[in-house]
Amino acid sequence: MNQTGVRWTSEQVLALAPDATSQKAGSRLGTTGQWSGTGRSEAGAIWGLCKGSGSKPYQTVVDITGPAYKCSCPSRKFPCKHALGLLLLWVTDEEAVRASAEPDWAEQWLSGRRSRAEQGSGETRAGEVADPEAARRRAARRAERITSGALELEQRLTDLLRGGLATAERAGYGLWEETAARMVDAQAPGLASRVRELGAIPGSGPGWPARLLEECSMLHLLNRAWLEIERLPEPLAVTVRTKVGLPSPAAGEPVRDHWSVLSQYDRAEAKITTRRIWVHGRETQQMALLLSFGAAGRAPQLSLPVGTVIDAELTPHLGAGQLRADLSGQFGIPVPMGSPPPGGPVASAVEAYGRALSDDPWLDSWPVTLTDVIPVPDGDGWQLADAEGGSALPIAPSAISRPGLWRLAALSGGGPITVFGECGHRGVTPLAAWSGSAFETVVLI
Amino acid sequence: MTLRSNSNETDRTEDPLPRWEELVTTALLGTERRQPPVLVRPRGREATITLLDAAVVHTVRRRAGLVPAAAASRPAPAPFDGRPLPPLAARRRLAQLLADRAAPSSSGRRGTAPDLTELLPQWLTKANDHGYQAPAPLLPALLDAARARTDLRTQVLTFVGSRGLWLARLNPEWKFALRGASGSGALLFDVDDSNAVHELWAEGLFAERVALLTAVRGRDASRALALLAGTWSTERAEDRLMFLDSLRAGLSPADEPFLEQALTDRSRNVRATAAELLSALPLSALAGRMAKRALACVGPALVAGKPSIAVTAPRECDAQMQRDGVAPAPPTGRGARSWWLGQLVESAPLSAWTEQFDGRSAQDIVTLPVADGWGEELHAAWCRAAVRQRDAQWARALLGRPGAPPESGQGTSSLAERAKLLSSLPEDERALWVARFIAAHGLSEAFQLLGVCAVPWSEPLGHSVVDALDIAREAGSYPWSFSGVMGLAERCLAPVEAGRLDLLTATPAEVEGASPGAGSYWSEAFQRLVSTLRLREAMQGELAGTLPR
Chain Y
57 MNQTGVRWTS EQVLALAPDA TSQKAGSRLG TTGQWSGTGR SEAGAIWGLC KGSGSKPYQT
117 VVDITGPAYK CSCPSRKFPC KHALGLLLLW VTDEEAVRAS AEPDWAEQWL SGRRSRAEQG
177 SGETRAGEVA DPEAARRRAA RRAERITSGA LELEQRLTDL LRGGLATAER AGYGLWEETA
237 ARMVDAQAPG LASRVRELGA IPGSGPGWPA RLLEECSMLH LLNRAWLEIE RLPEPLAVTV
297 RTKVGLPSPA AGEPVRDHWS VLSQYDRAEA KITTRRIWVH GRETQQMALL LSFGAAGRAP
357 QLSLPVGTVI DAELTPHLGA GQLRADLSGQ FGIPVPMGSP PPGGPVASAV EAYGRALSDD
417 PWLDSWPVTL TDVIPVPDGD GWQLADAEGG SALPIAPSAI SRPGLWRLAA LSGGGPITVF
477 GECGHRGVTP LAAWSGSAFE TVVLI
Chain X
500 MTLRSNSNET DRTEDPLPRW EELVTTALLG TERRQPPVLV RPRGREATIT LLDAAVVHTV
560 RRRAGLVPAA AASRPAPAPF DGRPLPPLAA RRRLAQLLAD RAAPSSSGRR GTAPDLTELL
620 PQWLTKANDH GYQAPAPLLP ALLDAARART DLRTQVLTFV GSRGLWLARL NPEWKFALRG
680 ASGSGALLFD VDDSNAVHEL WAEGLFAERV ALLTAVRGRD ASRALALLAG TWSTERAEDR
740 LMFLDSLRAG LSPADEPFLE QALTDRSRNV RATAAELLSA LPLSALAGRM AKRALACVGP
800 ALVAGKPSIA VTAPRECDAQ MQRDGVAPAP PTGRGARSWW LGQLVESAPL SAWTEQFDGR
860 SAQDIVTLPV ADGWGEELHA AWCRAAVRQR DAQWARALLG RPGAPPESGQ GTSSLAERAK
920 LLSSLPEDER ALWVARFIAA HGLSEAFQLL GVCAVPWSEP LGHSVVDALD IAREAGSYPW
980 SFSGVMGLAE RCLAPVEAGR LDLLTATPAE VEGASPGAGS YWSEAFQRLV STLRLREAMQ
1040 GELAGTLPR
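Chain order of the listed sequences is Y and X. So the numbering used here is basically just the index in the first sequence, starting at one, shifted up by 56. So the numbering used here is basically just the index in the second sequence, starting at one, shifted up by 499.
I should point out that these hints are in silico values taken from the structure, not numbers from a laboratory. Heads up, some of the hints might be wrong.
The calculated label-pair distances, taken between Cβ atoms and stated as ranges, are [as the list claims (entries may be wrong)]:
| hint | chain 1 | residue 1 | chain 2 | residue 2 | range |
| --- | --- | --- | --- | --- | --- |
| 1 | Y | R197 | X | R560 | 36 to 42 angstroms |
| 2 | X | I970 | Y | R354 | 48 to 54 angstroms |
| 3 | Y | R354 | X | G1044 | 39 to 45 angstroms |
| 4 | Y | E150 | X | I970 | 35 to 41 angstroms |
| 5 | Y | R338 | X | E520 | 45 to 51 angstroms |
| 6 | Y | P305 | X | E520 | 41 to 47 angstroms |
| 7 | Y | E150 | X | P904 | 39 to 45 angstroms |
| 8 | Y | G446 | X | R560 | 21 to 27 angstroms |
| 9 | Y | A76 | X | S1014 | 42 to 48 angstroms |
| 10 | X | G983 | Y | R338 | 54 to 60 angstroms |
Per the computed footprint, the stretches of chain X lying under chain Y, defined by three or more beta-carbons under 8 angstroms from a beta-carbon of chain Y, are [said to hold, decoys possible]:
| hint | stretch |
| --- | --- |
| 11 | 552-560 |
| 12 | 845-851 |
Only a predicted model underlies this, so the values are computations on that prediction, with no experimental measurement involved. Where is the CB? At the ideal position from N, CA and C, for every residue including glycine.
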C-alpha cells in the first residue's frame, strides 16, 4: 500500500495497451535502467524520463486517475509504450518510483487537466447548439435520407426473399457490401453495419439459412419501426433511432457510484474501433456500458483498468432498455475491486436476456453475472453449467476459439466460479471471471 | 449446441403462426417459387412481407422464450494442489514474461532492453526451487510456452502440476504435456499410499507413470524395482526403454539383478541401455566381464626402452560380447575392430587400469604414449568411461591443463569431450577450469564449456568472461560475434557483476582499426546485460518474497 492507493497488477496495465506490439514494447520498458527522473505524486500522477534513440529522453506522464497519458515521443499509439513501461515500473518496483514533487514539464500538463476537470463536465454534455433552427433543418434532412435508405433496404430484402436465400449464398459478400455502402450514403450507419453482418452469415456453417432469415426479419422489423416511428412510444422511438445509427443523447440523470470495471474490449471495424467497457455500480446495483471510439488503427481514448473500482459519475443515454452511459466525472484513483458483482444461476441469465428483449427486440446480448458455474466441454463446444442441477448455457461459438476460454477452464479446474459475460440467443460470451479462493479479476478477452 | 427453444412454442396446433422450418424452406426457395405457409394474409400485403412478418414474430418469441440447455457431463475436478502460490510481485512478473513471449517479436536490433523471454527458464527454475504452484489463469500461457519451446517443458510441467495436466487433457494442442518428459515435481500425492501408487501405475498416463516411478525410486529404490518388474513383460518396447532410463538416477548395485535380466530383453535398445547402466556399476558382473576383455586388448609395453601402451583390438565380436551390449556392426566409415575396442574400454571399470599399469595414477596412464596410432581411439573411450562412471580423477587427467595449447597432446582437445568431462567434476572446480581456459584462449571456443557450468557463474568464471568480453571490445570486433556468449552471460552471470559492468556501458572513443560503430554497439550490448542482471536480481527477490509489498 502506498499513498497512491493500492497499485494495479501488470495484467491491468497490459490490458491498457492498444495492441500486442505495444504490450511487448511496454514490457521491455518496464524495468529500471530505462528510466531516470521518475516520481509520483499524492494526486495520482506518475512521471519519468525514458531514454530513446535520440539524444533527448522522452518525457512521460501518466495521470492514473483517468488514466490519461502524455508523452513527448512521436508514437501515435495510445497509450504509447513509454506510458505502459512507466506504469509497469510503478506496479512492479515500488522503489523505482518514489513520491516527490511534480517536475515543471509534468506539472504543466497535469494542471491543465485538473483545471479542465474542475470546470466540470459541462462541455462534454450535449451543450448549446449555435443555431437551433438550422440544426432542426439538418436533422429533418437526415431523417429523410434515412427513410429513403430504409425503403430501399426493405426493397432489397423483399427481392432477396422473392428470389430465395439460396441465391444469397451464390451472390456472396459483394451484394451485401454494396447494400451496406448505400446505407452509409443514406447516413444510417446502424443499418449499414447490420447489413454487413448479414453478409457473413451464409459462410457461418450449418443452419445458416435459418440464421439469415432471423436476421433479415429483425432488419425488416427495424425498417418498419423507423418508417412508423411516430407511432412508437418515446423510449422505444429513441432506441430505434439509436439502432439505425443516429447519435443518442446522454441526457439521463447522472448517477454517481463506485463502479467496478468488469471488462474492456475493442471491436475493430473497417473505419472505426469501438471500445466497450462494462461497469457495475456497487450502491445502485446498475450495469452500464461505456463506449469509446477510435479512428481506424488508433485506440479509443477512454481506457479503464479492469478489476478496479472507480468513483465516478455516469450519465445514461436515453432509450428503452439502453445500458449505455457516458463517463461524465471521475473522482479519486481507481482501487482494486473487492469481490465480483452479485449474480445468479444460468436460468436467471437467460431470463434477464428474455426480459430485456421486450424493451429492445434487437438486443444481441445482455450483461449477466453467473455465480457457481462450471465450464464444461460439450462436443465441439463448451458450456457454463450450474454447479448444482442440470442447467447450462452454451458458450457462444465466437468465444470458443479465443484464448480466454482456456483461462476460464484453468481458473475453474472443474470447480464452481463466478463469470461475467454477455448473454445472447447464441449463448454466453465470457468476459471476466473470479474463483472462490481469490477475488482477482481474470480477464477473458 | 444451442439454447433450447421453449418447446411449447412449435407444438401448439391452434397457433396461427406457421412452423419455423416451413418459413425457412420458403425463404430458401423464394416466394416466387413457393407460397409462404401463412394462414391469413392481410389484404394487399405482399407475400414476401408476410413471410418476414411471420419470421420476426418467431424470432423474437424464440429469443425471449429461451430456456437453458441441458448440462453435459462435467469433467472430474482437477486434483488439489497444496503448493503455495508465488508472491504477488512474482506473479505479476511471470505475467509480464509470458506476455512478452506471446507478442510478435520486433525485428532488427535488440536495443538496450533485456530480452524477457530468456528470463522465463530462470524464473521457472527458481519458482520450482521454492515449490510454488502456477497461478491458474496463467496455465494456458505456460502450456503454450512449453509447447513452443521444448527446453521449457520439464520446468513448466513441474510448475503447472496436476492442474496443468488436468487442463492439458482438454486441449489437443497440449497433448505433449501428457506424453512429454516427466515432470518430476508434478506428482502431487503421497507415494507412501500404496493403493494410490498401484492404481496410478496401472492406469496412469505415460508421463504420470514415469513421474511416479521417479518419485517412488527417490523414496525406496527396491519398491520402484518391484513396481517395474510387476508389469515389465507387458510394457511396450519404447516404454520399457524410458522406464529403464529412469533408473539412471540413484543407480546402485541393488539394481544389478534386474538389469542383468534386461540384457536378454526382446528390444535391442533396451538391451543396450541395460548394458550401459551395468557398466556404470564398477562392481557389477558385466563390468567385470568387460574389464577382462578390455585388459586383454590394452596393456603396458616398452617402446625403445620407454614405457608405453600397446593395443591389440579384438578380432571378433562373439555372442557373449553381444549379450553384454557390444554392438557388432560399426557405423559407416569406422573399422569394426576399433569400434569393438572402443565399446570394451568405455564399459570397463576405470579402476582396472591402475592395476594393469603397475599402480600408475590416471594422470600417469593418460600421458603414456600409445603405440600404432591407437591413442585417439583409446582416449576417447576413456573419456566416455569417465563420464559414465562419474570418475573425477580420470576426468581431470583426460581434461588436461586448461591453459595448455590444444595441440600439446595432454588430455583431449575435443570441446565436446571436454564439456562432458567437466560435468563429472565438482561445480567449483569445473568453473575454475573454464575460467582458466577462457583466460588462456579467449571466448571463441568457450561456448560449449560455459554451457555445463553451474548457474549463476562463480565469481572467477564471471570475471573471466567479463574480462574476455572487454578484451574483445578493445580489439574492435563487433559484439554480435560474441552474441552466443552474451546471451549466456545474460542468463548465467551473477547479478552482483552488474556493478563491474556499469563501467563498460559507456560508449568509448573510436579506436583506429576498429570496426566502424562497434563501440556504440558494445555499449548497447553491455547496457542490455546490466539491465538483464538487475532484472534477474529483482525477479529472485520477488520469488523469495523478500521485497516488501
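Going down the list of hints, with the structure as the test:
The supplied range of 36 to 42 angstroms is met by Y:R197 and X:R560, whose beta-carbon atoms lie about 37 angstroms from each other. With their beta carbons about 49 angstroms apart, X:I970 and Y:R354 fall inside the hinted range of 48 to 54 angstroms. In this structure, Y:R354 and X:G1044 meet the distance hint of 39 to 45 angstroms, their C-beta atoms being roughly 41 angstroms apart. The beta-carbon spacing between Y:E150 and X:I970, approximately 39 angstroms, falls within the hinted interval of 35 to 41 angstroms.
For the hinted restraint 45 to 51 angstroms between Y:R338 and X:E520, the CB-CB distance of approximately 47 angstroms keeps it satisfied. In this structure, Y:P305 and X:E520 meet the distance hint of 41 to 47 angstroms, their C-beta atoms being roughly 43 angstroms apart. At about 53 angstroms, the CB distance of Y:E150 to X:P904 disagrees with the hint of 39 to 45 angstroms. In this structure the hint that Y:G446 and X:R560 lie 21 to 27 angstroms apart at CB holds, the actual value being about 24 angstroms.
Distance hint check for Y:A76 and X:S1014: the Cβ-Cβ separation is about 35 angstroms, which falls outside the suggested range of 42 to 48 angstroms. Taking the beta carbon of each, X:G983 and Y:R338 are about 56 angstroms apart, inside 54 to 60 angstroms as hinted. Check result for the stretch 552-560 of chain X against chain Y: holds, 6 residues qualifying (beta carbon to beta carbon below 8 angstroms, three or more required). With 0 residues having a Cβ less than 8 angstroms from any Cβ of chain Y, the stretch 845-851 of chain X misses the three-residue criterion, and the hint is violated.
Going through the hint list in order, the structure does not satisfy hints 7, 9 and 12.
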